[in-house]
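Enquirer: Just so you know, the sequence shown maps onto residues 114 to 606 in the working numbering.
Treat the hints with caution; some may be incorrect.
Said to hold, decoys possible - Simulated pairs of lysine-lysine, BS3-like, Cα-Cα distance not exceeding 30 Å: (1) K446 - K484; (2) K429 - K481; (3) K277 - K291.
It is worth saying that the hints were derived from the structure and are not from the lab.
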Amino acid sequence: MFESLQENLSSAIRALRGKGRLTESNMRDGLELVRRALLEADVSLSVVKDFMEHVSEQAVGETVLKSLDPTQHLIGIVGRELVNLMGPVDHSLHLRSGISVLMLCGLQGSGKTTTCGKLGRMLRDSGRKPMLVAADLQRPAAIQQLQVLGQQLGLPVHADLTAKDPVALCQAAVKQAKASGVDTVILDTAGRLHVDAELMNQLTLIDKRLGPDQVYLVVDAMTGQDAVLSAKAFNEALELDGVIMTKLDGDARGGAALSVKQVTGVPIKFMGTGEHLDALEEFHPDRMAGRILGMGDVLTLVEQAQQKFDQDEMAKQEARLRKGEFTLDDFKKMLGQTKKLGPINKIMGMIPGLSSMGDMLDQMDAEKDMKRLTGIVDSMTPEERRNPSRVIDQSRRRRIAAGAGVEPHEVNELVKQFDGMADLMKRMSGMGVRDRMKMMQEVTQGGMLNPGAKFAKQKVGTGKRLSSAERAKLKKERERELRRKKRESRKNK
Numbered sequence: 114m115f116e117s118l119q120e121n122l123s124s125a126i127r128a129l130r131g132k133g134r135l136t137e138s139n140m141r142d143g144l145e146l147v148r149r150a151l152l153e154a155d156v157s158l159s160v161v162k163d164f165m166e167h168v169s170e171q172a173v174g175e176t177v178l179k180s181l182d183p184t185q186h187l188i189g190i191v192g193r194e195l196v197n198l199m200g201p202v203d204h205s206l207h208l209r210s211g212i213s214v215l216m217l218c219g220l221q222g223s224g225k226t227t228t229c230g231k232l233g234r235m236l237r238d239s240g241r242k243p244m245l246v247a248a249d250l251q252r253p254a255a256i257q258q259l260q261v262l263g264q265q266l267g268l269p270v271h272a273d274l275t276a277k278d279p280v281a282l283c284q285a286a287v288k289q290a291k292a293s294g295v296d297t298v299i300l301d302t303a304g305r306l307h308v309d310a311e312l313m314n315q316l317t318l319i320d321k322r323l324g325p326d327q328v329y330l331v332v333d334a335m336t337g338q339d340a341v342l343s344a345k346a347f348n349e350a351l352e353l354d355g356v357i358m359t360k361l362d363g364d365a366r367g368g369a370a371l372s373v374k375q376v377t378g379v380p381i382k383f384m385g386t387g388e389h390l391d392a393l394e395e396f397h398p399d400r401m402a403g404r405i406l407g408m409g410d411v412l413t414l415v416e417q418a419q420q421k422f423d424q425d426e427m428a429k430q431e432a433r434l435r436k437g438e439f440t441l442d443d444f445k446k447m448l449g450q451t452k453k454l455g456p457i458n459k460i461m462g463m464i465p466g467l468s469s470m471g472d473m474l475d476q477m478d479a480e481k482d483m484k485r486l487t488g489i490v491d492s493m494t495p496e497e498r499r500n501p502s503r504v505i506d507q508s509r510r511r512r513i514a515a516g517a518g519v520e521p522h523e524v525n526e527l528v529k530q531f532d533g534m535a536d537l538m539k540r541m542s543g544m545g546v547r548d549r550m551k552m553m554q555e556v557t558q559g560g561m562l563n564p565g566a567k568f569a570k571q572k573v574g575t576g577k578r579l580s581s582a583e584r585a586k587l588k589k590e591r592e593r594e595l596r597r598k599k600r601e602s603r604k605n606k
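Using the sequences and the hints, build the whole thing.
Expert: Dropping the structure here:
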């Protein structure tokens, strides 16, 4: 998601940072690179034009050019304008105390039916009693798909395979909801391969007869500017309350996400980030801008951890760390908790300063490496997991390697370097989220963790960093010492 845009924007910033002194001329050259990055990301031309006008007005001024760090100042300006481009967003569903009706519409293939299930799950987890309504009578498979989703989630589904009138079916669903104690009705309406008059007339009729509290358009981020055009057409017919953008976990260039609010005036409320039914997140413009600029998204990462981690188990591990206890069993549990957040490269991309490490992980099988480490730990006895460096000798190492299907030296690497990991975890216990993220960045920059999911010893600093003048002075002293030694060697001959 936004990989190419993030890479191109980073290149533009690096180009500016490489200049000895920023002038209005090379600042404009840098802004041209920013403009090109947005166009390559499939952002609407009119949106790029307005965006660059706002950025240029602020970036070429004296305040930026004469600031202590002009490139950092420019990043701040671009970040603010990205937030303005995508926001503000009202995440409230405006649910009433009685029965609330939410209407989902969109083209075929946008992920509308799956999103209906995801939204139902989100409402159920927040304490509501939702019911899914299969109002897509054009496609029988959509009805069956929604019934399967309802069974998986334990949610009621109103469906009628013999129905011909979607309006009557939706009205019957609302009546059933009143009788069965349901407080939220989610309508999965019909889609088409493209926007046409018949589709719009049907949706407009449902909108008029039922008067839904919120109307959401589900669009596929992979379709680029087509998503923006369809959002514009749907909004003119229905007056949308928000957009749900799907497939943002794929290789979408991100142009639709940056354009839709500016072109239609309708904000993106939610985004689909995977195929699982829990992969629906609130869309936060400020956090998305942070991801685009390579600054990570710690808040979303923390929220996901709070929702998906076993909090009781986390509390137990924290208590053990405070006592100075950290074993390979704890390490295995930590890997299991981390898996719940999704792919490792996605997690790395959300931690400030580690997005480049996520790119490195893309080229490696990080999930396979995690399974390999788990297999090594599983092949150990309880005593070996508690005290690996003391207990595991050569014969045990061979036995563990055979059980895990790895080479003995891989077991040796884990055993030798586990102490460093244990020390790190003990130091991190009791720290807040910000301090832990800071330490993770330092560890990564120091080389303690590498993309192969192995441990490595942390680099030890050699003292303060020398200035260029100090380095030149040292070089001269070394050369002088070398000449002196040569003269002495000649005399001895």
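Enquirer: Next step is simple, just say for each hint if it's right about the structure.
Expert: Status of the hints after comparison with the structure:
1. At most 30 Å may separate the alpha-carbon atoms for a hinted pair to count; K446 and K484 meet this at roughly 12 Å.
2. About 28 Å separates the Cα atoms of K429 and K481, which keeps this hinted pair within 30 Å; it holds.
3. In summary, the hint linking K277 to K291 is supported, as the alpha carbons are separated by about 23 Å, within the 30 Å threshold.
In the structure shown, no violation is registered for any of the earlier numbered hints.
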